[in-house]
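Student: Here are the chains, one letter per residue:
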Amino acid sequence: MSALNQLTIEQASNGLTNKKFSSVELTRACLDQIASTEHRLRAFLNIFPEHALSQAEKFDLALRRGEILSPLAGIPYAAKDNFCTEGLPTTAGSKILEKYLPPFESTTTARLKAAGAVLVGKTNLDEFAMGGSTENSAFYSTKNPHDESRVPGGSSGGSAAAVASGEVIYSLGTDTGGSVRQPASFCGVVGLKPTYGRTSRYGVIAMASSLDTISHLTKTVADAAIVLQSIAGRDPYDSTSSNLPLDNYSEEIKKPVEGLKIGLPQEYFAVDGMDPQVKDAVLSAVKKIEELIGASAMPVSLSAPDYALACYYLIMPSEVSSNLARYDGVKYGLSVPGLDLFDTYLQSRGQGLGSEVKRRIILGTYALSHGYYDAYYKKACSVRALIKKDFERAFESVDLILAPVAPTAAFGLGEKIDDPLQMYLADLFTIPMSLAGVPAISVPCGAVGGLPVGLQIIGKWFDEKTVLRLAHHFEQAS
Amino acid sequence: MSLDIQQIDHLAKLARLALSDEEKKLFASQLASIFGYFQKLQSIDTTDIEPASQILPLKNVFRLDEISASGEEARQKIIANAPNKSNRHFVVKKIL
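In order, the protein sequence lines correspond to chains F and A. Residue numbering for the first sequence follows this note's numbering, starting at 1 and increasing by one per position. Residue numbering for the second sequence follows this note's numbering, starting at 1 and increasing by one per position.
With the rest of the complex left out, here is chain F (with noise of 0.2 Å):
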């Protein structure tokens, strides 16, 4: 058996449950892990060894007397910073919460938590998940496992670094525009961004609430149909979040893959910037695909990714100004007193938030102001129906889409930091999903020059069950 650290889900869950280890030895195996790469890799901004070992003990007891527990009990895993975790530390990668306790947990970790897991620490991200590099971090970038002169992508690069790097078994993270998806492709971990409404966003730091999607990172299909299955369902304190009936995700995997219908969006291979050697990888994907489902992908049409690109950046930006408006220096974070309150306002946030963070306030506030709200924000609010409905046509003849998750693999750190416009690019194939709501998963599906990069299986609202169905057959036939 290979090193614990390195395990899956499933394979930690079945050694558990065997007593081939126990979970304090699991645990111990990932903080070793941690502490052998962590200098280099920077993928955590907290660690709480105690906390998890203590958690891991709790599970091995319980285990001892025989209580039946859910197969993420005793497993260690990593949240995003930006996930509340009361009483431990949540910064949300910005100076402005450096030394914020939350009061209270956020959905997702709770069920967790009540499913026995292990809360190893908190991942590095792009302040308030602004970016796509890791590098917006107000503390420090993470690097790339695969190689340290590169990003890991972002914003949730901390998340994807430390499952690639086998620090935890999985984690957590966000997805608004592709922080999810985009690092788990950049890294060659499987990053699945659920349906908008299926997981509840209540305790995870505000961004762009119409678009932020509770999401999670994991080493296979497989254990990203066990983390669904546990985090995924209405939740009161989340009035967007869904009461429709969630599928037996571990079981639906399993059905085969013949006769699905997939589309393949012409636009999406026809964009400039796109790496021809990445078009090459998704395309072979695409192929090996066919040959499972025993039928070629149909074209489909979907408006060219980079007005969705455009769209977004309107409409996320608006969401970000009102949502940031909460860190006044008053109820809580960095304070930094002025002559009046006005003033208190203005420094503690001058001083408080980042570039990047400073730019989409500046951008959202100028798309919402009077004289502009009808040319920019509202006209982006028409064009995103429009991305919906493209999406709604499309799947009136086809299951499932495929596309690639980015122009390229893994970019260098530093790179891109100095041209915001050529960082959003960045997010192009991933952008139009987030707007339209649907599910969709990157999955590895090969390398260009040593770096990994993803396929992306985009389905139906609510339908995440075909999505990792297909994921995982076309994982197991890699």
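Treat the hints with caution; some may be incorrect.
Mimicking DSBU-like on lysine-lysine, the simulated pairs with C-alpha atoms at most 30 Å apart in a straight line are [to be verified]: (1) K13(A) - K378(F); (2) K378(F) - K40(A); (3) K59(A) - K460(F); (4) K24(A) - K95(F); (5) K13(A) - K99(F); (6) K279(F) - K40(A); (7) K77(A) - K99(F); (8) K279(F) - K388(F); (9) K99(F) - K94(A); (10) K95(F) - K25(A); (11) K13(A) - K331(F); (12) K77(A) - K331(F); (13) K331(F) - K40(A); (14) K59(A) - K95(F); (15) K95(F) - K94(A); (16) K288(F) - K388(F); (17) K13(A) - K95(F); (18) K331(F) - K24(A); (19) K279(F) - K254(F); (20) K388(F) - K460(F).
Note that these hints are calculated values from the structure, not bench results.
Place chain A on chain F using the hints.
Tutor: Only chain A this time, still in chain F's reference frame:
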């Protein structure tokens, strides 16, 4: 499309953000190129399209108006995060 420093000043004030001169200059030029990119939306015909501010077919999700007490402990945890507090209150500079 161009933004001048005065416009950035105005937006920064609306957003309650203190910006350095350097940031203002940088944002003015970066936002101009970003808004330039946004112009492509104007070529899309959206006549008779109902704008979508969110994508779920949800409307007015209500719950019963019941008080669920958070308790003194939660109150203390909340107030403990305040940079400037007095007993159970947030302290701010006087505004009148």
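Student: For each hint, tell me whether it holds in the structure or not.
Tutor: A quick look at each hint next to the structure:
For the given pair, K13(A) sits about 23 Å from K378(F) by alpha-carbon distance, which is consistent with the 30 Å threshold. Taking the CA atoms of K378(F) and K40(A), the gap is near 15 Å; set against the 30 Å cutoff, the hint holds. With a CA separation close to 21 Å, the supplied pair K59(A) and K460(F) stays within the 30 Å bound. Proximity of K24(A) to K95(F) is assessed by CA-CA distance (about 21 Å); at most 30 Å being required, the pair is judged to hold.
For the suggested pair K13(A) and K99(F), the alpha carbons sit about 26 Å apart, so the restraint of at most 30 Å is met. This hinted pair checks out: K279(F) and K40(A) have alpha carbons roughly 25 Å apart, not beyond 30 Å. At most 30 Å may separate the alpha-carbon atoms for a hinted pair to count; K77(A) and K99(F) meet this at roughly 13 Å. With a C-alpha separation of about 25 Å, the suggested pairing of K279(F) with K388(F) holds against the 30 Å cut-off.
Taken as a hint, the K99(F) and K94(A) pair is honoured in the structure, with Cα atoms around 25 Å apart against an allowance of 30 Å. Of the pairs offered as hints, the one joining K95(F) and K25(A) holds, with about 23 Å between alpha carbons and a cut-off of 30 Å not exceeded. Distance restraint check for K13(A) and K331(F): the Cα-Cα separation of roughly 21 Å lies within the 30 Å cut-off, and the hinted pair is therefore satisfied. Using a Cα cut-off of 30 Å, the hinted pair K77(A) and K331(F) holds, with the two alpha carbons roughly 12 Å apart.
Between K331(F) and K40(A) the CA atoms are separated by roughly 41 Å; this puts the pair beyond 30 Å, and the hint is violated. Between K59(A) and K95(F), the direct Cα distance comes to roughly 37 Å. Violation of the 30 Å bound is thereby established for this hinted pair. Taking the CA atoms of K95(F) and K94(A), the gap is about 26 Å. The hint holds against a cut of 30 Å. At most 30 Å may separate the alpha-carbon atoms for a hinted pair to count; K288(F) and K388(F) meet this at roughly 28 Å.
The suggested pairing of K13(A) with K95(F) holds, with an alpha-carbon distance near 21 Å, which does not exceed 30 Å. The suggested pairing of K331(F) with K24(A) holds, with an alpha-carbon distance near 28 Å, which does not exceed 30 Å. Under the criterion of a C-alpha separation no larger than 30 Å, the hint pairing K279(F) with K254(F) is consistent with the structure, at around 29 Å. This hinted pair checks out: K388(F) and K460(F) have alpha carbons roughly 11 Å apart, not beyond 30 Å.
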